[in-house]
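Asker: Each chain, letter by letter, is given below.
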Amino acid sequence: MVGWFGTNLVSILNGFAIGSLLFILASGLSIVFGMMDVLNLAHGALYLIGAYLGYQFAGDTSSWPGFLTALGTAALAGMLAGGVLSTMTEPLARRPHLDQALLTLGVALVVAELLAIGYGNDVLRVNAPPGLNRSVQVFGDTYPAYRLALIGLGALIALAVYVVVERTAVGALVRASVADREMVSALGVDNRRVKLAVLAVGSGLAALAGVLGGPIYGAGPGLDERVLILALVVVVIGGLGSIKGAFVGALLIGQVESLGRALVPDLASFMLFGALALVLIVRPRGLFGAPKAAV
Amino acid sequence: MTPGRLGGAAQLGVLCILASVPLFVAPYETGILARILIFALLAVSLDLLVGITGLPSLGHAAYFGIGAYAAGWLSINVTAAAPVPLLAGAAAGAVAAAATGWLAVRSTGIFFLMLTLAIGELIFQVAQNWESVTGGSNGLFGIPAVSFAGSPLRLVGYVYWYVLGGFVVGYAVLRVVSGSPFGAVLRGIRDNEPRMRSLGYSPFRYKLAAYVLAGGIAGLAGGMLAAQARLVTTADIGFTTAALALLAVVIGGAGTLWGACLGAALVVLVRDALGPRLDGHGPLILGLVFILAVYVLPRGFAGLAGVLVRRRREQPA
Chain P
1 MVGWFGTNLV SILNGFAIGS LLFILASGLS IVFGMMDVLN LAHGALYLIG AYLGYQFAGD
61 TSSWPGFLTA LGTAALAGML AGGVLSTMTE PLARRPHLDQ ALLTLGVALV VAELLAIGYG
121 NDVLRVNAPP GLNRSVQVFG DTYPAYRLAL IGLGALIALA VYVVVERTAV GALVRASVAD
181 REMVSALGVD NRRVKLAVLA VGSGLAALAG VLGGPIYGAG PGLDERVLIL ALVVVVIGGL
241 GSIKGAFVGA LLIGQVESLG RALVPDLASF MLFGALALVL IVRPRGLFGA PKAAV
Chain Z
1 MTPGRLGGAA QLGVLCILAS VPLFVAPYET GILARILIFA LLAVSLDLLV GITGLPSLGH
61 AAYFGIGAYA AGWLSINVTA AAPVPLLAGA AAGAVAAAAT GWLAVRSTGI FFLMLTLAIG
121 ELIFQVAQNW ESVTGGSNGL FGIPAVSFAG SPLRLVGYVY WYVLGGFVVG YAVLRVVSGS
181 PFGAVLRGIR DNEPRMRSLG YSPFRYKLAA YVLAGGIAGL AGGMLAAQAR LVTTADIGFT
241 TAALALLAVV IGGAGTLWGA CLGAALVVLV RDALGPRLDG HGPLILGLVF ILAVYVLPRG
301 FAGLAGVLVR RRREQPA
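The listed protein sequences correspond, in order, to chains P and Z.
FYI, the numbering for the first sequence is 1 to 295, going by this note's numbering.
FYI, the numbering for the second sequence is 1 to 317, going by this note's numbering.
Hints are computed from structural coordinates only; laboratory data are not their basis.
For each residue, glycine too, the CB sits at the ideal point set by N, CA and C.
Incorrect hints may appear among the rest.
[Unchecked claim] Some chain P residues judged to face chain Z by a derived CB distance under 10 angstroms, without partners named:
no.: 1; residue: Thr87
no.: 2; residue: Arg95
no.: 3; residue: Ala101
no.: 4; residue: Leu105
no.: 5; residue: Leu109
no.: 6; residue: Val110
no.: 7; residue: Ala169
no.: 8; residue: Ile229
no.: 9; residue: Val236
no.: 10; residue: Leu240
no.: 11; residue: Leu276
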């Protein structure tokens with residue numbers, strides 16, 4: 001057993017790193033959907049914006065100011081984009097939820113094309129900040145320091161999101177909105193402002209994830225679809241609107257993506273589907289989905 | 001004439017015009033029209049799910065791509081005799097839809113959209129990694145021309161007629177199904193699933209049947225693609241194709257079948273005819289069209305036509 005861990009340690013750590021990234025990405029998607037029934041198909045495009053911002057500020061050289069600037073601008077740009085998305089979906093509030101999803105799909109196509117026009121079709125490299133752009137020894141294996149830092153940061157963000165959602169008044173409002181939006185509205189809370197705030201924060205997190213994922217995945221066309229799919233699978237497995245679910249789902253899919261690929265490379269694509277199928281058959285609403293969640 | 005007869009006559013007229021196209025139109029334009037027909041059949045098969053059954057799918061390109069790969073692989077390795085590759089494409093699309101649909105149709109609405117998106121992406125990854133069959137990111141190339149009664153069809157016009165034949169068969173099947181009692185049950189499920197269940201219908205079985213049929217027709221369209229383009233790439237099976245097919249259905253007006261054809265024509269014209277002039281950034285225009293369509297055309301072209309017809313009827317005769 002110890003030997004098995006030894007041989008697969010790198011894959012397991014990679015799985016945690018991917019899981020961290022996925023949690024940052026999926027928690028925003030999950031809350032927005034669980035709360036407002038808005039499926040934001042532009043979530044992957046927001047990640048891509050973050051990734052290119054990472055390239056813009058930390059593409060040539062490895063520096064802390066560059067990386068931190070990238071993080072800051074990505075968070076701002078993401079929140080701004082979330083605000084725009086919220087405003088854009090507002091006129092469709094009375095129409096079927098599908099129309100809002102289609103709108104975000106259109107936005108995703110436009111954003112991805114604009115980025116492809118601006119940055120070309122090559123995959124661009126993003127540098128990890130100095131000190132983290134080297135390898136360290138972990139139980140005898142060399143492992144990139146940046147990924148270890150990412151695992152730590154993912155845990156920190158997860159803790160922060162958990163504390164905010166579960167222990168503060170704002171979080172109570174968010175949870176109440178997930179449970180019963182009409183009732184919250186009847187109590188005098190403006191739904192549109194809650195939606196604006198949640199979309200802004202969720203989109204900001206997506207763009208942040210784009211910068212943070214840069215040193216691993218780089219920035220290139222098609223990345224938006226890949227991360228969107230992974231985030232969606234995480235959200236479906238974890239259950240809509242559940243932070244705990246997004247956390248467990250992200251860790252699970254991180255390991256499927258990394259350890260699964262390493263152990264049975266031929267079946268890697270099927271394993272993602274298999275995990276999704278298994279969870280949906282046993283628990284159709286996801287692992288932590290509310291029993292009455294909207295369908 | 002009754003509206004039904006009028007529609008039938010219009011369809012016959014359109015068919016006559018479409019059939020005579022190679023006699024009057026230059027080969028390049030004929031090729032574009034063939035691509036429109038292929039994409040239109042994909043969009044119409046998607047409309048069976050989106051418009052008639054109420055299942056918005058973002059993974060429908062998967063069955064289209066599987067049909068194309070199956071038809072292409074069969075043409076290269078076994079036989080290119082018409083219509084064997086088309087049938088193989090349809091069969092492969094239906095089998096793949098059955099293998100994945102049993103999971104997808106358990107959900108509805110946005111959930112269904114997410115699931116089909118995930119399924120489509122996974123099939124895309126399989127296509128990209130299974131290089132011995134699909135050629136990976138190089139694509140499946142060197143597909144021989146389809147042969148008819150022993151001799152290969154090389155002229156653009158003949159290939160066009162072959163594609164048109166496939167389109168007419170696929171469209172007719174969907175038209176008949178949509179007008180049948182089976183189609184009525186599907187509409188019932190779309191409008192009120194609990195009531196259909198309480199009437200004794202099994203929504204799961206009907207939705208799965210619709211999903212498999214739509215997958216089969218999409219596979220047929222894929223087979224037509226393999227015959228016309230004689231090249232299948234991972235782009236044909238990917239997310240963008242699926243999104244554009246959904247765009248075609250939405251622009252055209254979900255639930256009318258013919259509306260999806262108009263939407264498909266617009267999509268292919270922008271992507272293939274206008275795209276090269278925009279450095280291949282046609283999807284930018286399509287994305288903008290998509291956003292605009294969601295706002296101003298909630299029922300698509302078909303909804304627009306519906307408004308006009310209603311207005312005319314309301315005028316005193």
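Asker: Now, for every hint given, state plainly whether the structure supports it.
Answerer: Do the hints match the structure? See the list:
no.: 1; hint: Thr87; verdict: violated, 13 angstroms
no.: 2; hint: Arg95; verdict: holds, 7 angstroms
no.: 3; hint: Ala101; verdict: holds, 6 angstroms
no.: 4; hint: Leu105; verdict: holds, 6 angstroms
no.: 5; hint: Leu109; verdict: holds, 3 angstroms
no.: 6; hint: Val110; verdict: holds, 4 angstroms
no.: 7; hint: Ala169; verdict: violated, 29 angstroms
no.: 8; hint: Ile229; verdict: holds, 4 angstroms
no.: 9; hint: Val236; verdict: holds, 6 angstroms
no.: 10; hint: Leu240; verdict: holds, 9 angstroms
no.: 11; hint: Leu276; verdict: holds, 6 angstroms
Consistency note: the structure conflicts with the earlier hints numbered 1, 7.
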